[in-house]
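Asker: Sequence:
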Amino acid sequence: MGRKIQLRLLISPRMSEKEEHNLIRLPKKVREQLGFESQSVVLGKGSYQVSLQVQKAYSPDIQRLVGMFREGKISEEEILSVGFVSKAIQQRLARREGEATWISDGVGDITIGCDPEFGLINSEGYLVRADQAMPHSHDSKFGADGPGAEVRPPPSTSHLGVVKNIHGILAKPPVRTENYKWIGGATFIDPNRTYWFGGHIHLGRPAQLDPEGAVGVYEKIAIALDSFLGLPLVAFDTPNANKRRNGCPKQYGKAGDIRYDYPEEDRFEYRVLSGLWLTHPTLARMVLGVAKCVTETAYNKLANNKFDYEWAEAPANRAGLLRSMGVSGQREIASIINVADPKGLNKDLLATWEQKLRDLDLYSEYKPEVEALIELVKVSPELVVPQLSLDIRENWYATNKPLLQEAPAPLKKALEALE
Numbered sequence: 001m002g003r004k005i006q007l008r009l010l011i012s013p014r015m016s017e018k019e020e021h022n023l024i025r026l027p028k029k030v031r032e033q034l035g036f037e038s039q040s041v042v043l044g045k046g047s048y049q050v051s052l053q054v055q056k057a058y059s060p061d062i063q064r065l066v067g068m069f070r071e072g073k074i075s076e077e078e079i080l081s082v083g084f085v086s087k088a089i090q091q092r093l094a095r096r097e098g099e100a101t102w103i104s105d106g107v108g109d110i111t112i113g114c115d116p117e118f119g120l121i122n123s124e125g126y127l128v129r130a131d132q133a134m135p136h137s138h139d140s141k142f143g144a145d146g147p148g149a150e151v152r153p154p155p156s157t158s159h160l161g162v163v164k165n166i167h168g169i170l171a172k173p174p175v176r177t178e179n180y181k182w183i184g185g186a187t188f189i190d191p192n193r194t195y196w197f198g199g200h201i202h203l204g205r206p207a208q209l210d211p212e213g214a215v216g217v218y219e220k221i222a223i224a225l226d227s228f229l230g231l232p233l234v235a236f237d238t239p240n241a242n243k244r245r246n247g248c249p250k251q252y253g254k255a256g257d258i259r260y261d262y263p264e265e266d267r268f269e270y271r272v273l274s275g276l277w278l279t280h281p282t283l284a285r286m287v288l289g290v291a292k293c294v295t296e297t298a299y300n301k302l303a304n305n306k307f308d309y310e311w312a313e314a315p316a317n318r319a320g321l322l323r324s325m326g327v328s329g330q331r332e333i334a335s336i337i338n339v340a341d342p343k344g345l346n347k348d349l350l351a352t353w354e355q356k357l358r359d360l361d362l363y364s365e366y367k368p369e370v371e372a373l374i375e376l377v378k379v380s381p382e383l384v385v386p387q388l389s390l391d392i393r394e395n396w397y398a399t400n401k402p403l404l405q406e407a408p409a410p411l412k413k414a415l416e417a418l419e
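My numbering puts the first residue of the sequence shown at 1, with every later residue one more than the last.
A hint or two may mislead.
[Unchecked claim] Below, computed lysine-lysine pairings styled on DSS-like, alpha-carbon distance capped at 30 Å:
| id | residue 1 | residue 2 |
| --- | --- | --- |
| 1 | K254 | K367 |
| 2 | K413 | K343 |
| 3 | K343 | K306 |
| 4 | K4 | K172 |
| 5 | K164 | K413 |
| 6 | K29 | K141 |
[Stated by the list, open to error] Distance windows between CB atoms, simulated:
| id | residue 1 | residue 2 | range |
| --- | --- | --- | --- |
| 7 | G329 | K29 | 26 to 36 Å |
| 8 | P135 | N400 | 52 to 62 Å |
| 9 | R95 | R14 | 21 to 31 Å |
| 10 | R318 | N179 | 54 to 64 Å |
| 11 | R95 | R193 | 52 to 62 Å |
| 12 | Y252 | Q6 | 36 to 46 Å |
| 13 | L345 | K401 | 55 to 65 Å |
| 14 | P191 | D348 | 35 to 45 Å |
| 15 | P135 | L80 | 23 to 33 Å |
| 16 | D359 | R193 | 40 to 50 Å |
If you are wondering where the hints come from, they were derived from the structure by calculation, not from laboratory data. From the three backbone atoms N, C-alpha and C, an ideal C-beta is built for every residue, glycine too.
Let the hints inform the model, and build the full structure from the sequences given.
Answerer: Written out as structure tokens, the structure is:
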């Protein structure tokens, strides 16, 4: 697991002159204290982060640092948290020289985004095509994707930030949607046809991950996401989740389904989940938090193995990324996800899933979301599913409307931690 430490950045004239924009130079004592020597590190946070190689500081820069100490401009303690970069890197990461930024030997904070779908339903119970109700909205934050509507919140390095962004978008909907119900879930069926709603999640590429080597890594992370998130959501995915994966001619949402052909090469899209998680903010926080926990754990393990792509792409029966995360039984998990039948989730399988989820390196950072998912999956679908309102507008804007009206005490406590 990567460590994050605050570091003060100073400009190195020699690094600027030599255009060393891929390096950070650290004094010997700083290297020894941080233990980052000969490693790739990440500086910054969120969109303002870069991957740099650690090398020793130039003598003139160290002499300047000593002079600052003698002049009382920096303390002896602060000297141990100074790094030198080129002027271009400093300007990218900080407003002024000497400002603190984060350095990590892991992957830093990856971004998370999404574009979950739902339906606009008229008073007669029919789905109104979103591309007709909202023409020319294919790039809008609240827009159309064929017959379905979808929200496209700005990505964030925080899953809570994404939930907040969704809330802001739903609070100011297009005028032409206000007379319809906004119904989410896995599918919507009316006399015309069956409609399929995806709950796609976008997960950022860390700065150290070479775009040319990223696809194989994405595919393995998708398998991990299937194991830790796609699998348990089968327990209460509704309505008619099997029709979403097996009724659509393009077979969207099958286990391992991803997209990565973005021009920016900055992310991949996990396409296995249905749009159910959009129906309630608590469910959204839970699902996005667990997705980020799994993905960041995977990237940090890859960083600890010096971005060895052969190691990352090894099958689960060999030493590699999947085995390091405890992923196994891929075929069985894929079968359960694709059939979308909770009967496949036997007690022993869920007990193993629960333990492995808690064993993830970043469990403590996402504990409320992980524990809420665990407790929700423990409850019988016959109790959970009838209580899941699919009315998105009501769930997001009714005052303090809980995800479930009735729940066993452990689940109620776990949900209250999120709500």
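Asker: So, for every hint listed, does it hold in this structure?
Answerer: Comparing the hints with the structure gives:
1. K254 - K367: holds (28 Å)
2. K413 - K343: holds (26 Å)
3. K343 - K306: Roughly 41 Å separates the two Cα atoms, so the pair is violated.
4. K4 - K172: Judged against 30 Å, a Cα distance of about 37 Å means the pair is violated.
5. K164 - K413: holds (22 Å)
6. K29 - K141: Not OK: K29 and K141 at ~49 Å, beyond 30 Å, violated.
7. G329 - K29: 26 to 36 Å: violated (48 Å)
8. P135 - N400: 52 to 62 Å: At 36 Å between Cβs, range violated.
9. R95 - R14: 21 to 31 Å: holds (23 Å)
10. R318 - N179: 54 to 64 Å: Holds, since R318 and N179 (Cβ atoms, about 56 Å apart) stay within the stated range.
11. R95 - R193: 52 to 62 Å: holds (54 Å)
12. Y252 - Q6: 36 to 46 Å: holds (43 Å)
13. L345 - K401: 55 to 65 Å: violated (27 Å)
14. P191 - D348: 35 to 45 Å: Check passed, 42 Å falls within 35 to 45 Å.
15. P135 - L80: 23 to 33 Å: 60 Å Cβ-Cβ, so the 23 to 33 Å window is violated.
16. D359 - R193: 40 to 50 Å: The hint (40 to 50 Å, Cβ to Cβ) holds, given that D359 and R193 are roughly 43 Å apart.
Checked against the numbered hints listed earlier, the structure breaks hints 3, 4, 6, 7, 8, 13 and 15; every other hint is satisfied.
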